[in-house]
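J.: Residue numbers (full-length UniProt numbering), protein chains in the order written: chain A, 1 to 253; chain B, 1 to 309.
Not one of these hints is a red herring.
Taking lysine to aspartate or glutamate and the DMTMM-like style, the derived pairs with C-alpha atoms no more than 20 Å apart in a straight line are:
#1 A:LYS162 <-> B:ASP15
#2 B:LYS227 <-> B:ASP217
#3 B:LYS227 <-> B:GLU195
#4 A:LYS84 <-> B:GLU93
#5 A:LYS7 <-> B:ASP111
#6 B:LYS127 <-> B:GLU93
#7 A:LYS84 <-> B:GLU90
#8 A:LYS7 <-> B:GLU90
#9 A:LYS7 <-> B:GLU93
#10 B:LYS140 <-> B:ASP126
#11 B:LYS228 <-> B:ASP264
#12 A:LYS7 <-> B:ASP112
#13 B:LYS228 <-> B:ASP248
#14 A:LYS84 <-> B:GLU86
#15 B:LYS246 <-> B:GLU229
#16 B:LYS228 <-> B:GLU195
#17 A:LYS162 <-> B:GLU90
#18 B:LYS227 <-> B:GLU198
#19 B:LYS22 <-> B:GLU306
#20 B:LYS274 <-> B:ASP288
#21 A:LYS162 <-> B:GLU86
Far from chain B, by Cβ distances over 12 Å, these chain A residues were calculated:
#22 VAL129
#23 VAL140
#24 VAL194
#25 THR225
If you want a taste of the chain A side facing chain B, the calculated C-beta under 7 Å gives, among others:
#26 TYR90
#27 SER94
#28 ALA95
Note that these hints are calculated values from the structure, not bench results.
Glycine included, every Cβ here is placed at the ideal spot set by N, Cα and C.
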Amino acid sequence: MNWTAIKSIYVFEMTRFFRTFLQSLISPVLSTSLYFVVFGAAIGSRINEVEGVSYAAFIVPGLIMLSVMTQGISNGSFGIYFPKFIGTIYELLSAPVNFLEIVLGYVGAAATKAMFIGTIILITAFFFVDITILHPGAMVLFLVLTCVSFSLFGFIIGIWAKNFEQLQLVPLLIVTPLVFLGGSFYSITMLPPVWQAISMFNPVVYLISGFRWAFFGIADVPIATSLLAIAGFTGLCLLVIGWIFRTGWRIRE
Amino acid sequence: MSPILEIRDLKKSYDGGFEALKGVNLSIEEGEIIALLGPNGAGKTTLISAICGIIMPTSGSVTVGGHDIATDFRATRTMIGLVPQEVSLEPFERVISTVRFSRGLFGKRADDALIESILKRLSLWDKRNSQIKELSGGMKRRVLIAKALAHEPRVLFLDEPTAGVDVELRKDMWDIVADLKADGVTIILTTHYIEEAEAIADRIGVIAKGEILLVEDKNALMQRMGKKELEVQLSAPLDVLPDRLKSDAVRLGTDGSSLIYTYDTRAERTGITKLLSDVAAEGLVLRDVVTRQSSLEDIFVTLVKEDAA
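Make the full structure from the sequences, and use the hints.
T.: The structure is reproduced here in structure tokens:
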């Protein structure tokens with residue numbers, strides 16, 4: 001394993017992140033604060049507790065997941081798409097590194113950035129609502145797995161995309177609706193039975209449910225199912241990336 | 001001694017049937033500089049890309065230092081440095097960071113002393129903390145070379161390294177290449193500037209339509225294919241060539257004010273003495289005498305034309 005190369009890619013990507021640190025920080029903090037003001041204070045004050053948790057606190061795990069998933073995809077896709085776009089990918093392809101090392105470097109950095117943003121949002125949440133984390137270990141585990149799996153997914157999108165429009169297409173048309181309809185702002189049990197059944201086909205439901213369980217001990221689906229879902233998603237992304245590097249699809253002619 | 005780079009029947013075809021490489025064979029000895037000349041679309045960059053791992057060859061084999069590029073890619077890529085044709089650099093990165101990144105990417109431990117020596121050698125040390133976007137085109141090309149040298153390669157590919165740079169910088173590059181050769185680095189250079197190949201290469205390879213037409217020692221090639229011309233400039237122009245001077249080797253210059261004699265430098269007798277005595281016997285008065293050697297460019301044009309025919 002070429003650890004020096006992995007570290008180099010990781011440090012290079014993190015340097016880019018810290019170069020635009022303020023933009024990276026302000027945007028999620030501002031949008032999260034707005035969510036708390038609109039959903040937590042304005043609308044939330046008119047909603048009763050959800051399964052024994054105040055509405056403002058109930059949406060915290062969903063909000064963190066929303067940001068972490070979109071940040072993971074955005075960082076993972078941009079990290080590999082940008083070298084493709086400006087041509088510096090030649091160096092990566094001609095270096096003595098295999099696909100696993102490239103993925104560890106790029107996805108590791110993308111997941112770290114997403115983790116960082118998730119943590120900032122959690123800290124921001126403490127300023128707005130009173131929350132306690134029931135299972136901190138599980139919370140960290142879900143957070144890490146989600147950051148990694150969605151950064152992997154973003155990496156695939158970055159390789160697939162041929163232009164900046166395509167880079168935005170999947171997050172905008174597929175991921176954001178899935179996250180919003182995945183129980184970020186409500187419990188699946190609040191939906192009519194038909195929509196509850198349909199929601200079970202949304203993979204994001206399992207992630208948010210598991211993450212919310214780590215906070216409050218309440219879940220829409222069993223915790224083991226949530227873990228299985230996220231592990232399956234991560235495995236699927238790794239298989240696709242493995243195939244991409246084996247065949248050179250869209251990176252090596 | 002076994003060659004450092006051995007290419008055997010290397011082919012590259014694209015979807016749609018276009019054959020960019022049609023079975024290339026080439027052996028390169030350690031420490032030599034070989035210049036690959038060829039028109040646009042000849043397959044020069046495709047060949048380099050296949051060796052470096054940027055594209056996948058359709059068939060054939062390549063070994064670097066005895067290691068196969070497919071089965072032992074870590075060993076081969078560690079030995080290879082590549083300066084690409086396009087200036088591809090992250091615009092917001094600093095010079096020193098991007099060079100350090102290249103070294104790390106190739107699995108080499110950080111070595112600030114080495115990076116400093118490379119940057120100084122390429123006159124980039126003063127610009128080490130500048131962002132790439134602040135540099136001139138020539139400086140960016142130097143950064144590409146610095147990145148390629150950062151992991152101390154034994155084989156360096158320079159894909160048109162002086163395209164679009166001014167004459168002074170081009171000469172600087174030649175000096176850098178000479179220094180690298182002195183350090184024992186094998187250099188494979190593609191270029192459109194034939195004077196560049198003429199100035200720095202040990203061997204010349206001519207590639208056209210995905211095939212190597214010729215690989216030969218530069219001096220031997222120029223001697224074999226190069227012709228020398230003697231131009232005898234006359235005080236008074238001639239309308240026709242005098243009978244005494246008529247031969248396949250002699251022709252009249254465009255305005256009749258000179259005689260142009262083509263000869264072979266390797267021949268036992270060049271015929272110059274006889275020509276000059278014939279000129280004197282005709283009573284022609286000389287104004288000046290000039291000799292010219294065919295350039296590599298003439299040879300290259302001839303070869304590519306012959307192939308096209």
